[in-house]
Amino acid sequence: MKKKKFDFRAALRRSSVPLMFIIICAICIPLSGLSANMLANEIVTRMGRNAFLILSLLIPIMAGMGLNFGMTLGAMAGQIGLILASDWQIVGVPGMVLAMILSIPISVLLGLFCGKILNMAKGREMITSYIMSFFINGVYQLVVLYMMGSVIPIKHTSIKLPRGYGIRNTVSLLNMRQKLDNLIPFSVKLPFFGEIRIPLMTFIIIALMCLVIVWFRRTKLGQDMRAVGQDMEVARDAGINVERTRIVAIVISTVLAGFGMIIYLQNMGNIATYSSHSQIGMFCIAALLVGGASVDKASIGNVFLGVILFHLMFIVAPRAGAAITGDSMIGEYFRVFVSYAVITVALVMYETNKRRAKSAEGKKLAEAQKGEG
Amino acid sequence: MNNQQNTPLLEMRNISKDFFGNQVLSDINLTLNEGEVIGLVGENGAGKSTLMRILFGANMIRETGGYGGDVLLNGEKVNFSSPFDAIEAGIGMVHQEFSLIPGFTTTENILLNREPVRKNLIAEIFGDRMNTLKRSEMDERAANAIELMGVNVDRKMVISDMPVGHKQFTEIARELSKEQLKLLILDEPTAVLTEKEAEALLAAIKGMAQRGIAIVFITHRLQEILSVCDRVIVMRDGYVVSEKNASDTSVDEITKAMVGREVAKTDSAEGKNRSFDQAKTILSISHLWVDMPGETVRDVSLDVKEGEILGIGGLAGQGKLGIPNGVMGLYQAGGKVTFEGKDIPLNSPRRCLDSSFAFVSEDRRGVGLLLDETLEWNIAFPAMQIQNKFLKNYLGGLVKWRDEAAIKEVTDRYIDELAIKCTSSKQKARELSGGNQQKVCLAKAFALNPRLLFVSEPTRGIDVGAKALVLDALKKFNRENGVTVVIVSSELEELRQSCDRIAIVSGGKIAGILPAASSVEELGALMLSQVI
Amino acid sequence: MNEKTVKKEKSWFGRLVENFGLPRLIITLFLVLLLILAPIVGADLPTQITNIIARFSWNGVLVLAMVPMVHSGCGLNFGLPLGIISGLLGATLSIEFGFTGALSFVMAILIATPFALVFGSGYGWLLNKIKGGEMMIATYVGFSSVSLMCMMWLILPYKSPNMVWGMAGKGLRTTISLEGYYDKVLANFLKIKIGNFEIPTGTILFFALLALAMWAFLHTKTGTAMTAVGSNPTFARAAGINVDRIRLLSVVMSTWLAAVGILVYEQGFGFVQLYMAPFYMALPAVSAILIGGASVNKASIVNVVVGTILFQGIVTMTPTVMNNMIHMDMSEIIRIIASNGMILYALTRKTEGSK
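Protein chains in written order, with the working numbering: chain Z, 2 to 374; chain Y, 84 to 615; chain U, 588 to 942.
Hints are supplied without guarantee of correctness; some may be wrong.
In silico DSSO-like pairs for lysine-lysine, Cα to Cα no more than 30 Å straight-line [unchecked claim]:
#, chain 1, residue 1, chain 2, residue 2
1, Y, K511, U, K885
2, Z, K298, U, K718
3, Z, K117, U, K808
4, Y, K475, Y, K511
5, Y, K339, Y, K363
6, U, K808, Y, K504
7, U, K808, Y, K509
8, U, K885, Z, K123
9, U, K778, Y, K483
10, Y, K472, U, K746
11, Y, K472, Y, K491
12, Y, K250, Z, K123
13, U, K718, Z, K123
14, Y, K483, U, K746
15, Z, K355, Y, K239
16, Y, K558, Y, K511
17, Y, K239, Z, K298
18, Y, K511, Z, K123
19, U, K885, Z, K355
20, U, K716, Z, K355
21, U, K808, Y, K511
Okay, the calculated beta carbon distance ranges per label pair [claimed, not checked]:
#, chain 1, residue 1, chain 2, residue 2, range
22, Y, T114, Z, W216, 48 to 58 Å
23, Y, S358, U, A800, 30 to 40 Å
24, Y, R448, U, T615, 30 to 40 Å
Here's a subset of chain U near chain Z, in silico, CB distances under 10 Å, partners left out [to be verified]:
#, residue
25, F665
26, I724
27, G827
28, N829
29, D831
Worth flagging that the hints you see were computed from the coordinates, not collected in a lab.
On a predicted model such as this, the values are computed, not experimentally measured, just so you know.
Ideal Cβ placement from N, Cα and C applies to all residues, glycine included.
Produce the complete structure using the sequences and hints provided.
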């Protein structure tokens, strides 16, 4: 890394996505007419809500498995934990902790399964984990819609469907709503932004998670994952158990995604039982990429920059769209489009970069001959 | 030397090995003492790599039925069940291909999967892999290993930013960092080094030997062998043919031992008196470079005469395979190629085929065949696509329909002619044996009726009977159809028997062109002349 | 097949599982079971079979659209929505221009064609730049284009009162009825009706025509080249084939077939569905062809027919049979698990030649 000449064009290419987003936001913010105070509050809230989930994506990237579209699996495990915790009427932060504990075995099982399958589909991990999220979604629905209340005891009718089994479309988490965020009430007054409420406890947890990830990178396992991510064959020759390392990466990611989902939902205050998880993977991945990450490289900095830029766009786009065209739906669709487009661009850039490295060799040879002759 | 003299560090007794009945090593005996450097030389396929794999406990040896004879380490018989056992016992090996993580620093690579760790509580619960790395100790150990080697390498540099030579040194340092290391195998370590780096490496080898590490040094650069080794062992066709002290031998003597064969065999080649000096030049290659990984062509100029069989020989990795692959446009290439007075653009297989070249690739399974399709498809496909053969035209040529009957007919003809063993012309190419697959590749090229045929390694990996058949088919094709043939092969003897002239490639350049009747020694000397 | 030489004695069942694939076998047996159960639990079998045939006729062309890209080694076309959008543009423009009845169907195809060619070329060009990562990028190209078009449906100056929101007078509706346009134009052509049993002959003929054309194409010189490119791209390149051009052609063909496929679907269904509707349309088509016996790099017309019948059979049969039997509608879940399980199975197979 060091002693390398600063390549301006490469740096520009790397940061093109964040730059593009800064421009979009710069145009949309004045158009949206939202106040600085409101924007700042929204961003802070969304940071608390999403950052943990996005952090869960970092480890599989480190292990060379690309963007873990299978983080949805963890989200489902988290939701099951929350449904059970709220049925047992454990409220507030203890309820969340219980939900997290319940989610761990489910996440681990799903992660093991996902990791095993991904090891069978090396080289196409992303599409496989993506289809995996659909597949497990089917299983999740089977459990939540048919087995809860019939096989798994559910006491409270408020979350049960009227027919006697299955969970309602929405499960209220009123007893848990923002309990973690507001555990330590805190707000700051800034000159330009005014008063901003800060979900301090959530931020502390996120900060701790960041420290854990930094620490994890320095462990033997972290080092092994980086090795496996860069070259599986070399790692195997050196005696690293490649398959196991990859499975562990996915399991960790799934467990963390489960925790992340619980933090996310406590902020939202309710679970959309059959849809909360389905889009979460896409939004998290898009946010991470907007922060300047790529398929094979992502840092904690990317997470936070991504959350800010992506959600800034998310907040202002509908209003800006409405201001321009008079139709608020345009902005809604625009932000969905941008999320997908960002992922598309990142995937394309990743694949073309792989090929660019190849053609450089030929040029070297031609030049070498010119030098001689 | 000390009292260890009586029990050598390593002793290999009567080692033999066959791959499914194909004897590749016979009765090899070898001893090696502490701090001794031996040079191991031989042509590609002489059995050097197999011997080293046996010593290193490679999986492929066991998977193919093990080996005969005994390996003794410090007088005790050993039988490694994996390379890790061999490493444990103090054997290190630096392979030709780098085994390095590109994004890691030198230090991280040297200590890959052997990092010193600092214990912590979490590791007690979740297992040892949760211990954190001790960076300072890693640095120290890497520094020690580098110092032991005697060549300075930047410990903090990332591998992908390094010159090739330093990658090689990193690999060696990794072996040296293993405390138990007693024996180090270096497989062509200087092949990728610049002259200066190679000198540094030779000095390092001497230094390591002085510290008591025994070294097996495999290389094609004979001068290097003579300058650092105590003894030189020459292998040929699976036998040790000569073992001498380095001080008692010379480059000439080693070359002779490497390539020399019984005199009776060398003269039997037929058609020696064909001369093509007067024939016109059909193909002219000038200043060709080809970026084919592992077979880089640097600057090749070569004329092929009409009607001849030209052989291109040379050691593996010197670029002989790059020539046909580059001319045919399968790898990125530059330079100038003229065929019958017309310039042929490079990097375009189609234009070559249109100009009536055909190419039988050395990579049968990767390039030569549609493994999952029938023999009919394999044989007829290029001719159909390039020359519109085996097609029925409908609607005034708008629809070009596959003519299954014609395809079957031509396939059956070649199955007959080349004696391809198969159940029917509808059999999948994957199901044939190597020799028969090679015949299918030839049939595919013959069906194109080319004016010039490139054949790359036509006999690689096929049995003796099929070898003769393939070579005869090529000769017949040349004699009867007047087709110019260029055979690229690592087997010098094969070239001498089939060709009119032989061009030897060394270091990505043509080292010389000799008549096929030339002695093996002459050709062998050329092969080694510019080796890099 | 290739294991022939090493294969030890195996039971007929073991061989069947190996050649046919366990998930495929389960799905087939499941459908057979449903067909047996249907009369027992009191469902009307002729109606059921009519449904299966009808749904087969709607979806057949969409599944057929998978074939060219699988043949050229581009993998499963998860970017099917791009072609569907071309079809939707054709449909809406045909209505906008005031064509009615059967003519509106013909015009829809004609108008959709240039869109399919342009979109398909761009898509194919992109896929040629990212060989090896086709499927994931195809998925997201599909998603991006669908969400881009969501904005377009609102912005584009459509005027036809049958299509735009009544109140605003602009912006297309999410669902547009095809009554008076090409609703059932193919299905009603030569329709056979015996009691509860119906065959939409025209639609099936139309599918058969396209399938025949595809079969014929694969027997031509270019079609042969396409198969070879998919089987071993290096071989094809060494044989002078312009691999990129063949791949591009396959993508354009696939996109065009998807465009036609959605029009056929609409004429059977009776409505044009806009906005997010094309979003997940690739997955049923992908799993249908896989259920039919295709793999990531091999597919035939037989796979298309068998797969569509099996897949649509399960989709139509499970709700009725399940409902009648246990009064639980688990069909949606069974569909999700079966179809995605099938795709997972195919992705984890070790297929040579394709990455």
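Structure-based check of all given hints:
no., hint, in the structure
1, K511/Y / K885/U, "holds (15 Å)"
2, K298/Z / K718/U, "holds (21 Å)"
3, K117/Z / K808/U, "violated (42 Å)"
4, K475/Y / K511/Y, "holds (24 Å)"
5, K339/Y / K363/Y, "violated (35 Å)"
6, K808/U / K504/Y, "holds (28 Å)"
7, K808/U / K509/Y, "holds (19 Å)"
8, K885/U / K123/Z, "holds (20 Å)"
9, K778/U / K483/Y, "violated (36 Å)"
10, K472/Y / K746/U, "violated (55 Å)"
11, K472/Y / K491/Y, "holds (13 Å)"
12, K250/Y / K123/Z, "holds (27 Å)"
13, K718/U / K123/Z, "holds (16 Å)"
14, K483/Y / K746/U, "violated (46 Å)"
15, K355/Z / K239/Y, "holds (25 Å)"
16, K558/Y / K511/Y, "holds (28 Å)"
17, K239/Y / K298/Z, "holds (20 Å)"
18, K511/Y / K123/Z, "holds (27 Å)"
19, K885/U / K355/Z, "holds (27 Å)"
20, K716/U / K355/Z, "holds (10 Å)"
21, K808/U / K511/Y, "holds (20 Å)"
22, T114/Y / W216/Z: 48 to 58 Å, "holds (51 Å)"
23, S358/Y / A800/U: 30 to 40 Å, "violated (59 Å)"
24, R448/Y / T615/U: 30 to 40 Å, "holds (34 Å)"
25, F665, "holds (7 Å)"
26, I724, "holds (5 Å)"
27, G827, "violated (21 Å)"
28, N829, "violated (18 Å)"
29, D831, "violated (13 Å)"
Hints 3, 5, 9, 10, 14, 23, 27, 28 and 29 from the list above are not met by this structure, while the remaining hints are.
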